[in-house]
Amino acid sequence: MFTAAAAVAWVVAVVLEWVSPMWAAAVGGPMLMLLGGVEAASKAD
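Note that the sequence shown covers residues 492 to 536 in my numbering.
Just to be clear, a hint being listed does not mean it is correct.
Said to hold, decoys possible - Restraint ranges, calculated between C-beta atoms of paired labels, are given here:
no., residue 1, residue 2, range
1, Gly528, Val502, 15 to 21 Å
2, Met513, Ser533, 26 to 32 Å
3, Val505, Val529, 18 to 24 Å
4, Trp501, Ala532, 17 to 23 Å
5, Ser533, Ala504, 17 to 23 Å
6, Ser533, Val510, 25 to 31 Å
7, Thr494, Val518, 19 to 25 Å
8, Ala531, Val505, 19 to 25 Å
Everything labelled a hint here was simulated from the structure, so no lab data went into it.
Each residue gets a CB set at the ideal place from its N, CA and C atoms; glycine is no exception.
Construct the entire structure; sequences and hints are all you get.
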């Protein structure tokens with residue numbers, strides 16, 4: 492289940508957390524939820 496999108500999201504989240512935990516919470520959270528929705532929609536096809 493470890494997709495390319497999940498790998499990219501993980502790397503971005505790690506970088507954001509390293510730069511600033513506040514940015515990680517503000518940007519990473521919604522982005523991960525959005526990617527999760529995209530993956531769920533793609534699996535529903």
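Hints, verified against the model:
1. In this structure the supplied range 15 to 21 Å holds for Gly528 paired with Val502, their Cβ-Cβ distance being about 19 Å.
2. The hinted range of 26 to 32 Å is satisfied by Met513 and Ser533, whose Cβ atoms lie roughly 31 Å apart.
3. Evaluation of the 18 to 24 Å hint for Val505 and Val529 yields a pass: the beta carbon distance comes to about 20 Å.
4. Judged by the Cβ atoms, the range 17 to 23 Å given for Trp501 and Ala532 holds: they are separated by roughly 20 Å.
5. Remark: the range hint 17 to 23 Å for Ser533 to Ala504 is upheld by a beta-carbon distance near 20 Å.
6. Checked against the given bound of 25 to 31 Å, the beta carbons of Ser533 and Val510, roughly 29 Å apart, stay inside it.
7. Hint check: Thr494 to Val518, Cβ distance near 20 Å, so the stated range 19 to 25 Å holds.
8. Look at Ala531 against Val505: about 23 Å separates their beta carbons, and that is inside 19 to 25 Å.
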